[in-house]
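Residue numbers (our numbering), protein chains in the order written: chain B, 1 to 113; chain H, 1 to 112.
Errors might be hidden in some of the hints.
Said to hold, decoys possible - Straight-line Cα separation of at most 30 Å, DSS-like style, residue types lysine-lysine; simulated pairs: (1) B/Lys51 <-> B/Lys78; (2) B/Lys44 <-> H/Lys54; (3) H/Lys99 <-> B/Lys51; (4) H/Lys54 <-> B/Lys41; (5) B/Lys44 <-> H/Lys5; (6) H/Lys68 <-> B/Lys44; (7) H/Lys71 <-> B/Lys44; (8) B/Lys44 <-> H/Lys99; (9) H/Lys99 <-> B/Lys78; (10) H/Lys5 <-> B/Lys54; (11) B/Lys54 <-> H/Lys99; (12) B/Lys44 <-> H/Lys56; (13) H/Lys71 <-> B/Lys41; (14) B/Lys41 <-> H/Lys68; (15) B/Lys41 <-> H/Lys5; (16) H/Lys99 <-> B/Lys41; (17) B/Lys41 <-> H/Lys56.
Claimed, not checked - Some chain H residues flagged as far from chain B (calculated, every beta-carbon gap over 10 Å): (18) Asn7; (19) Ser8; (20) Arg17; (21) Ile50; (22) Ile53; (23) Asn57; (24) Leu66; (25) His76; (26) Pro82; (27) Asp84.
In short, the hints are calculated from the structure, not lab data. All C-beta atoms, glycine included, are put in the ideal place defined by N, C-alpha and C.
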Amino acid sequence: EAGVTQFPSHSVIEKGQTVTLRCDPISGHDNLYWYRRVMGKEIKFLLHFVKESKQDESGMPNNRFLAERTGGTYSTLKVQPAELEDSGVYFCASSQDLGSGYTFGSGTRLTVV
Amino acid sequence: DQQVKQNSPSLSVQEGRISILNCDYTNSMFDYFLWYKKYPAEGPTFLISISSIKDKNEDGRFTVFLNKSAKHLSLHIVPSQPGDSAVYFCAARQGGAQKLVFGQGTRLTINP
Numbered sequence: 001e002a003g004v005t006q007f008p009s010h011s012v013i014e015k016g017q018t019v020t021l022r023c024d025p026i027s028g029h030d031n032l033y034w035y036r037r038v039m040g041k042e043i044k045f046l047l048h049f050v051k052e053s054k055q056d057e058s059g060m061p062n063n064r065f066l067a068e069r070t071g072g073t074y075s076t077l078k079v080q081p082a083e084l085e086d087s088g089v090y091f092c093a094s095s096q097d098l099g100s101g102y103t104f105g106s107g108t109r110l111t112v113v
Numbered sequence: 001d002q003q004v005k006q007n008s009p010s011l012s013v014q015e016g017r018i019s020i021l022n023c024d025y026t027n028s029m030f031d032y033f034l035w036y037k038k039y040p041a042e043g044p045t046f047l048i049s050i051s052s053i054k055d056k057n058e059d060g061r062f063t064v065f066l067n068k069s070a071k072h073l074s075l076h077i078v079p080s081q082p083g084d085s086a087v088y089f090c091a092a093r094q095g096g097a098q099k100l101v102f103g104q105g106t107r108l109t110i111n112p
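Chain B on its own, in the form it takes in the complex (with noise of 0.2 Å):
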């Protein structure tokens, strides 16, 4: 079985500039995350989706963030403009239930220089 992926696994942008990440979750999990770890700290929950619809965006930080889940299938998470706090590691994970625990992708190193 296949993990979670996450693309690309680095990404250096300019401040200003657009970058698109891209997660595709275990085939057949309903449940996917978007989590991301700033500077070392604590890693936090963005949002969840239930296959294509968001059921918790309580933590996307501003309307910068754009996520979307085509068909239920892969997510993209869209930061647009990006500024340089938004530098840092974004984790998706999946899951097949909501019982079930978490598998989480080895994240993408956005960098904002």
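Since the structure of chain B is already known, use the hints to place chain H on it.
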């Protein structure tokens, strides 16, 4: 307002000894707690969990203890092995919510 805190950023333990990682929380509504282990350039992987109705859960070399009155949990690893060197995150969940609230992590180094 950080609801889950790991006050030790790092911990160094000799191989074969016991490693004890600590975690404190402030939200009394948390009812499920998890420990994740993270190697460099990888995502966190689930290690062990405990429900708030229990005070101890054991899985091989790993044991998690929960003290609800003190809002404190700890992860014991015994005996510690070099492969245990990683960053350990404590996480908590509230009721039916699916989002996890993580601590800052503790970097554990096991010395030969």
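Worksheet entry | H/Lys71 paired with B/Lys41 [C-alpha distance capped at 30 Å] | Since the Cα atoms of H/Lys71 and B/Lys41 sit roughly 21 Å apart, the hinted pair holds (cutoff 30 Å).
Practice prompt. Decide if the proposed pair is consistent with the structure: H/Lys54 and B/Lys41, CA atoms, cutoff 30 Å inclusive.
Written response: holds (29 Å)
Worksheet item: Going straight from one Cα to the other, do B/Lys41 and H/Lys5 come out at no more than 30 Å?
Response: holds (11 Å)
Item to complete: For the pair we were handed, B/Lys41 and H/Lys68, check the Cα-Cα distance against 30 Å.
Response: holds (25 Å)
Worksheet item: H/Lys71 and B/Lys44: Cα distance at most 30 Å?
Response: Holds - the C-alpha atoms of B/Lys44 and H/Lys71 are around 20 Å apart, at most 30 Å.
Item to complete: Compute the least Cβ-Cβ separation between H/Ser8 and chain B, then decide whether it is above 10 Å.
Response: Given that every Cβ of chain B is farther than 10 Å from that of H/Ser8, nearest at about 14 Å, it holds.
Worksheet item: Given the hint that H/Lys99 pairs with B/Lys51, does the C-alpha gap stay at or below 30 Å?
Response: Holds, at roughly 16 Å.
Practice prompt. Assess, step by step, whether the Cα of H/Lys5 is no farther than 30 Å from the Cα of B/Lys54, and give holds or violated.
Written response: holds (28 Å)
Worksheet item: Taken at face value, is the distance from the CA of H/Lys54 to the CA of B/Lys44 at most 30 Å?
Response: holds (26 Å)
Worksheet entry | H/Ile53 and chain B, when compared Cβ to Cβ, separated by more than 10 Å | holds (15 Å)
Worksheet item: Can the restraint linking H/Lys99 and B/Lys78 be considered satisfied, given a maximum Cα separation of 30 Å?
Response: The given pair, whose Cα atoms are some 20 Å apart, holds under the 30 Å limit.
Worksheet entry | Non-interface claim for H/Leu66 versus chain B (Cβ beyond 10 Å) | holds (18 Å)
Hint check: no violations occur; every hint is consistent with the structure.
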